[in-house]
Each structure stands twice: as C-alpha cells, then as structure tokens.
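Visitor: Each chain, letter by letter, is given below.
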Amino acid sequence: MVNIIWVFLFLTGFIFAAVTGNMEAVNEAVFSGAKEAVVICIGLISVLTFWLGIMKIAENAGLLNMVSRLMYPVISKLFPDIPKGHPALGYIVSNMTANMFGLGNAATPMGIKAMKELKKLNNDKDEASRSMITLLAVNTASITLIPTTVIALRIEYDSAAPTEIVMTTILATACSTLGAILIDRYFYYKRMNKGRGIY
Amino acid sequence: MSWITTISVWLIPSLILTILLVATWKRVPSYESFVDGAKEGVNMSFSIVPYLVGMLVSIKVFRESGAMGFFIDLFKPLFSFFYIPAEILPLAMIRPLSGTGALGMTSDLIGTYGPDSFIGRLASTMQGSTDTTFYVLTVYFGAVGIKKMGDALKVGLSADVIGIVASIIIVSLVFL
Numbered sequence: 001m002v003n004i005i006w007v008f009l010f011l012t013g014f015i016f017a018a019v020t021g022n023m024e025a026v027n028e029a030v031f032s033g034a035k036e037a038v039v040i041c042i043g044l045i046s047v048l049t050f051w052l053g054i055m056k057i058a059e060n061a062g063l064l065n066m067v068s069r070l071m072y073p074v075i076s077k078l079f080p081d082i083p084k085g086h087p088a089l090g091y092i093v094s095n096m097t098a099n100m101f102g103l104g105n106a107a108t109p110m111g112i113k114a115m116k117e118l119k120k121l122n123n124d125k126d127e128a129s130r131s132m133i134t135l136l137a138v139n140t141a142s143i144t145l146i147p148t149t150v151i152a153l154r155i156e157y158d159s160a161a162p163t164e165i166v167m168t169t170i171l172a173t174a175c176s177t178l179g180a181i182l183i184d185r186y187f188y189y190k191r192m193n194k195g196r197g198i199y
Numbered sequence: 001m002s003w004i005t006t007i008s009v010w011l012i013p014s015l016i017l018t019i020l021l022v023a024t025w026k027r028v029p030s031y032e033s034f035v036d037g038a039k040e041g042v043n044m045s046f047s048i049v050p051y052l053v054g055m056l057v058s059i060k061v062f063r064e065s066g067a068m069g070f071f072i073d074l075f076k077p078l079f080s081f082f083y084i085p086a087e088i089l090p091l092a093m094i095r096p097l098s099g100t101g102a103l104g105m106t107s108d109l110i111g112t113y114g115p116d117s118f119i120g121r122l123a124s125t126m127q128g129s130t131d132t133t134f135y136v137l138t139v140y141f142g143a144v145g146i147k148k149m150g151d152a153l154k155v156g157l158s159a160d161v162i163g164i165v166a167s168i169i170i171v172s173l174v175f176l
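Chains as they are written, first to last, in my numbering: chain B, 1 to 199; chain L, 1 to 176.
Since the hints were derived computationally from the structure, they do not count as laboratory data. Relax, there's no trap hidden among the hints.
Simulated pairs of lysine to aspartate or glutamate, EDC-like, Cα-Cα distance not exceeding 16 angstroms:
# : chain 1 : residue 1 : chain 2 : residue 2
1 : L       : Lys148    : B       : Asp126
2 : L       : Lys148    : B       : Glu127
3 : L       : Lys147    : B       : Asp124
Going by beta-carbon spacing under 8 angstroms, a handful of chain B positions derived as facing chain L:
#  : residue
4  : Phe14
5  : Phe16
6  : Ala25
7  : Val26
8  : Cys41
9  : Leu44
10 : Leu48
11 : Lys56
12 : Gly111
13 : Ala137
14 : Asn139
15 : Thr144
16 : Ile165
17 : Met167
18 : Asp184
19 : Phe187
Virtual Cβ for every residue (Gly too), placed ideally from N, Cα, C.
Work out the full structure, taking the sequences as your base and the hints as a guide.
Guide: Here you go:
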C-alpha cells in the first residue's frame, strides 16, 4: 500500500512537471527534500533524547507502574472477555500507559505480548477475537499526553509557541479513542445479533 | 478559549517537575536514569532518517510539480463548503496508511504554511492525535499470526475519521 502511494507521488509529479514545464522545480525538490528530511531528523534528536531520558526517570521511579495501577480498573471493564488477573490485562495496561506518554517503542512489544496472550485465550485460532479488536481500536486511536515529535517539528520551523497544540491534541485524541471504543462496541453487538440469527 | 493554551504551556513543565520530585523522594538516581533513556532517543532519531528522506522527497516532487495544487483546487469547493482547508487533504489521506508519510506531510505543511498558521496548527494536532492504523494492524496481528481480522480494519479507520474530524473542529474552536 505504502509502495503504491510512494510511486504514485513520484509518477504524477513527473508527469505533471513534464506537462506544465515545471521540471526545473522538480529537480530542485529532489535535493532540497532530501536535505530538509535530514535537517528535521537532526532537529528531532534534541527533543526525543530529552523526553526519552525523562521518561526513563519516570519508569525507574515507578511512576509508569503507578499510572498503570490507576488505569487497571477502567481498562479491565473495556475487556470483559479477559478473566480477572490474567497476564493479558497487565500487558494491555502497560501498552496503553506507554502510548500515553509517547513511548511508541516501549508500547509495541507490550501490545504484541498482550496479543499473544489473547490468542491463547482464543484457543490459538487465526481469527481476531473480541478483545483483540478492542485492543487494536484503542491502539489506532492512541491516546497521547505529549505529542513529542510534533513539538520537535514545530521548534524546527521556529514556532512562537511550539507546545500550544498539546491540549488540542489531547482533546482530539480523547475524541478518537472514545469513538474507537464506541464503534468497537457497536460492531461487537452487531456481530452478536447476526450470530443469533444464524444459530 | 485561552485556558486551553495555558494548560498546553503548563503541562510539560509540571510533568517534568513531578517526575523529578518523585524520583528524588524514592532515591532513584535521576541523572543516570536520564542518560540511560536518552541514548534510546538518539538511536530513534537516526532510524527515522531513511524513511523521512524517502517520503519528503516524493511529497516535495508532488508539490513542486504542481500536482498537489491541482488536486487541492479540485477538492477546494467541496471542502470550503464545510469550512475545511483543502490543503489538509493529503495529510488526512496518508495518516492511516503510513506513519513516516504522515510525518513527512506534516513537516511539509508546517514548513510551507508556517507552524503558527491555522493549517500548521491543524496539521500538528492531526499528526499527534491518531496512529497509523495499517501499521498497528500489520504489526500486532502479523506478530501473532492472525489472518482473519474481523471488524478490526473498519473500527480502526472509523477511529481515524473521528480523529481527523475532531482535530478540525477543536482547532477551529480554539484558534479561530
């Protein structure tokens, strides 16, 4: 999918340039684009390095665990199919906490571990279970507290207030997470009704 | 709605302060922990380089050739009917498909229109508020060998649409 889009952007770009006579600008775009990308990545180092350092302190001080424990009762309600005290729930909570603090790299392994446990619960079928779909939905909506990368980008382009979008991001992400949960429930009950019709 | 921007500005300093105070109270070696975690940040930034170079070059070619302007003009009447800037369309379309693509598009939008413009703020909020559905789907289901995805894709994409619409509404309310 990404491959097709990537090639499409180049192809239509070249065709358009050939038709409109913009080839010179396209030539420049190839090299200035590459340069800009590297400059952005260098700019990202500062914020990502600092933030991941701070989050390591939070982890070592047991703060992430504390947040996980606070979220546990709420999250267990989102996954009614998982038995109480099952390790899958622990992984799910850590996955969501890591996501909240913008630690994507820490969140993914936890999410995969959770999926493995959920698969065991589902008798190793190659079909997505109800809890798996819910976990996926929550992850795609990914509730964020601090959008680190975006802040770094805004600093890179000399924003007067790089962090002014933090609260709008939190509100938007809350909407998409809530929406994901509701839609997930809707599809679940739709499946249940259909099931009753067949059996 | 100035209180929302006030919270935005206060959130990060108070979070850092809380973390440092709790760490000191629990006798955690703050500075050493910091350095330990920070190393990961350096690696992470460098690992993005190849993805972003690839994406940003293709997006730049698409924009500079006039192709992006053509598509934006095509959808402008429809979008302006809903008070949505059509410039945001390419980002909204690539967001669920590719994380680095979206990052490239966001930086292109912020660079072209300025970080403190309406489009710049909208792009920032959109980029931060949803994750790449196809990536999450591939990684999480791929790792454990799930072949029948059920309603997962539908749910994920609907969440993306909600995130995009919510971003537009919230940014309009706060900054316009």
